[in-house]
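Novice: This is what each chain is made of:
Protein chains: 2
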Amino acid sequence: VNTKQLAKSVASGERSSLARAITLVENNEEEAVLLLDLLAKKTGGGFVLGVTGPPGTGKSTLVDRLISAYRAKGLKVGVVAIDPTSPISGGALLGDRIRMMSHATDQGVYIRSMASRGWSGGLARSTAQVVQLMDAAGMDVILIETAGIGQSDIEVVGIAHAVMVVFMPGMGDDIQVLKAGLMEIGDIYVVNKSDIEGADLMVINIMSLAGNTKSRAPVVLKVSALKGEGLDGLVESIEQLRAKFSEGSSGLRIRSVRGMILELAKSNILEDFKRTSESRVDKLALEVLNGKLTVNDAARRLSK
Amino acid sequence: VNTKQLAKSVASGERSSLARAITLVENNEEEAVLLLDLLAKKTGGGFVLGVTGPPGTGKSTLVDRLISAYRAKGLKVGVVAIDPTSPISGGALLGDRIRMMSHATDQGVYIRSMASRGWSGGLARSTAQVVQLMDAAGMDVILIETAGIGQSDIEVVGIAHAVMVVFMPGMGDDIQVLKAGLMEIGDIYVVNKSDIEGADLMVINIMSLAGNTKSRAPVVLKVSALKGEGLDGLVESIEQLRAKFSEGSSGLRIRSVRGMILELAKSNILEDFKRTSESRVDKLALEVLNGKLTVNDAARRLSK
Numbered sequence: 466v467n468t469k470q471l472a473k474s475v476a477s478g479e480r481s482s483l484a485r486a487i488t489l490v491e492n493n494e495e496e497a498v499l500l501l502d503l504l505a506k507k508t509g510g511g512f513v514l515g516v517t518g519p520p521g522t523g524k525s526t527l528v529d530r531l532i533s534a535y536r537a538k539g540l541k542v543g544v545v546a547i548d549p550t551s552p553i554s555g556g557a558l559l560g561d562r563i564r565m566m567s568h569a570t571d572q573g574v575y576i577r578s579m580a581s582r583g584w585s586g587g588l589a590r591s592t593a594q595v596v597q598l599m600d601a602a603g604m605d606v607i608l609i610e611t612a613g614i615g616q617s618d619i620e621v622v623g624i625a626h627a628v629m630v631v632f633m634p635g636m637g638d639d640i641q642v643l644k645a646g647l648m649e650i651g652d653i654y655v656v657n658k659s660d661i662e663g664a665d666l667m668v669i670n671i672m673s674l675a676g677n678t679k680s681r682a683p684v685v686l687k688v689s690a691l692k693g694e695g696l697d698g699l700v701e702s703i704e705q706l707r708a709k710f711s712e713g714s715s716g717l718r719i720r721s722v723r724g725m726i727l728e729l730a731k732s733n734i735l736e737d738f739k740r741t742s743e744s745r746v747d748k749l750a751l752e753v754l755n756g757k758l759t760v761n762d763a764a765r766r767l768s769k
Numbered sequence: 466v467n468t469k470q471l472a473k474s475v476a477s478g479e480r481s482s483l484a485r486a487i488t489l490v491e492n493n494e495e496e497a498v499l500l501l502d503l504l505a506k507k508t509g510g511g512f513v514l515g516v517t518g519p520p521g522t523g524k525s526t527l528v529d530r531l532i533s534a535y536r537a538k539g540l541k542v543g544v545v546a547i548d549p550t551s552p553i554s555g556g557a558l559l560g561d562r563i564r565m566m567s568h569a570t571d572q573g574v575y576i577r578s579m580a581s582r583g584w585s586g587g588l589a590r591s592t593a594q595v596v597q598l599m600d601a602a603g604m605d606v607i608l609i610e611t612a613g614i615g616q617s618d619i620e621v622v623g624i625a626h627a628v629m630v631v632f633m634p635g636m637g638d639d640i641q642v643l644k645a646g647l648m649e650i651g652d653i654y655v656v657n658k659s660d661i662e663g664a665d666l667m668v669i670n671i672m673s674l675a676g677n678t679k680s681r682a683p684v685v686l687k688v689s690a691l692k693g694e695g696l697d698g699l700v701e702s703i704e705q706l707r708a709k710f711s712e713g714s715s716g717l718r719i720r721s722v723r724g725m726i727l728e729l730a731k732s733n734i735l736e737d738f739k740r741t742s743e744s745r746v747d748k749l750a751l752e753v754l755n756g757k758l759t760v761n762d763a764a765r766r767l768s769k
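So the protein sequences, as listed, match chains A and B. So for the first sequence, this note's numbering puts the first residue at 466; every next one is plus one. So for the second sequence, this note's numbering puts the first residue at 466; every next one is plus one.
Rather than coming from a laboratory, the hints here were simulated on the basis of the structure. Just so you know, not all the hints are guaranteed correct.
Identical copies carry no separate label here, and so any pair may be met within one copy or between two of them.
What the hints assert, rightly or not - With a straight-line cut-off of 20 Å between C-alpha atoms, the simulated EDC-like cross-links for lysine to aspartate or glutamate are:
| hint | residue 1 | residue 2 |
| --- | --- | --- |
| 1 | Lys692 | Glu752 |
| 2 | Lys739 | Glu649 |
| 3 | Lys469 | Glu479 |
| 4 | Lys769 | Glu736 |
| 5 | Lys757 | Asp600 |
| 6 | Lys507 | Glu701 |
| 7 | Lys757 | Asp502 |
| 8 | Lys507 | Asp762 |
| 9 | Lys769 | Asp737 |
| 10 | Lys469 | Asp762 |
| 11 | Lys473 | Asp697 |
| 12 | Lys538 | Asp571 |
Treat the numbers as computed from the prediction; the structure is a model and nothing was measured.
Here chain A stands alone, though its shape is the one from the complex (with noise of 0.2 Å):
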């Protein structure tokens, strides 16, 4: 196919070229980056919100239920959903998921797992370019929702304009999971399953984490997804959120270019890293081994 026809009919909204799109994109090919390019002037109109958090928080339904409340409003969703059941982490997650999928008829929702793989950087890489897919395929909310196993989550939900921070009572206990980076990210932050004790507890130990790492006070609130309890308030804030953005607010626009910018670049990086490193690392192997270089050396040498 003809990448102008394909960008052409992405635009229009074309769900199976959307889908033919997302599969260049992920399989990294060549023509992804011209077809990016013809689109680039179609983007910029959807809202995305990362979702990220410890997993077992309740995230996908959350989503599910933030994509009801936004096709109430009449407003066509996307969602990238990170597979967790890869690379090696099991399939334990997937069943959450299935909720979610009741929306997958809905001409108005497009749906997509992606399963983070291969070389360091890829998620983020590919995740961006499905985000800017699906924005130019005119969804007006973007949701992307991270697996919630490692410094990845980190970089995906750095490309959304705004952050949601998802985790559940009794987790305060662990002040780890509190301070490995997500008390800086979030715009908003949810203690879900609140009917569980200790949710109170819980909001306490977010605002003043949250609060000792940042000069705004993100907003810190108590839902439960499966019960439908909050979920007014919750809407409420991520709209006051998208409201900002659009009215055209730089602060929540250049965070996501700057965070699209970013990880495509060390993808890149990598790429090139990966394409030239492997016809000289085995000579430089050889001279460690034959004590000519020592490991740090032959480190440096590859990395000029």
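Use these hints to put chain B onto chain A, whose structure you have.
Specialist: The following block gives chain B in isolation, referenced to the frame of chain A:
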């Protein structure tokens, strides 16, 4: 402290100096590189075994058993245990480490837990350097236990001389898990918890998948680390690999050196990028917002 003095006392196997050296490496201090260069000639004696596999398969218990087996042979054992609590995955697995820590008072055992954190690539880099330190400090066998949560596991065990992949019965149903990069990297495959139904089927699955993807035939073994069954055969298999290593097998040695060079170089490159991109990305992001550049153009400029 003088770096030369520190190198000397690490090389003499002084535990508190080894601890201090590891902290330098973990914090990525400039002094660490100098220290490692000073110690380069003392390395090459320790056999490095990577232990990976999905969470819950009993890697820590197996590592505990291997420590006992090698201590019984009078060998010194170093362990690098990548902390599965980090960055944001919660602390569920920490309890599994308690058994292993019973060795911590043994002067012939040195165990270091490491948190995966920060910029991508940092974990494999620091693991490679900690392994070099343990090697220089006279550890005969160095075990690297990964957290089993992602792509970083594959990178981390890439610095080992040989790799043991741990599964348990029932995982064969989830072919995803078996295909996620683990079938290409193992020298030994362990089906742990072999008293659970399905162990034989799991062995067959591994044999067919691991055999299909590599010319050599890796060893597949049923083990119950908890009950102590099959451990002698496992140690024997590891000893065959260690014997090859001791005979100077360039294949095993080059694999580890190659992995270390690649990970150290990648870490250098990412740190350079982090340092140099911060000052440039804001200007590029503004140009994207002003429609002068596409995000992809900006990324290409930043990665040049």
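Novice: Taking each numbered hint in turn, which are not upheld by the structure, reported in ascending numerical order?
Specialist: Hints 1, 6, 11 contradicted; others consistent.
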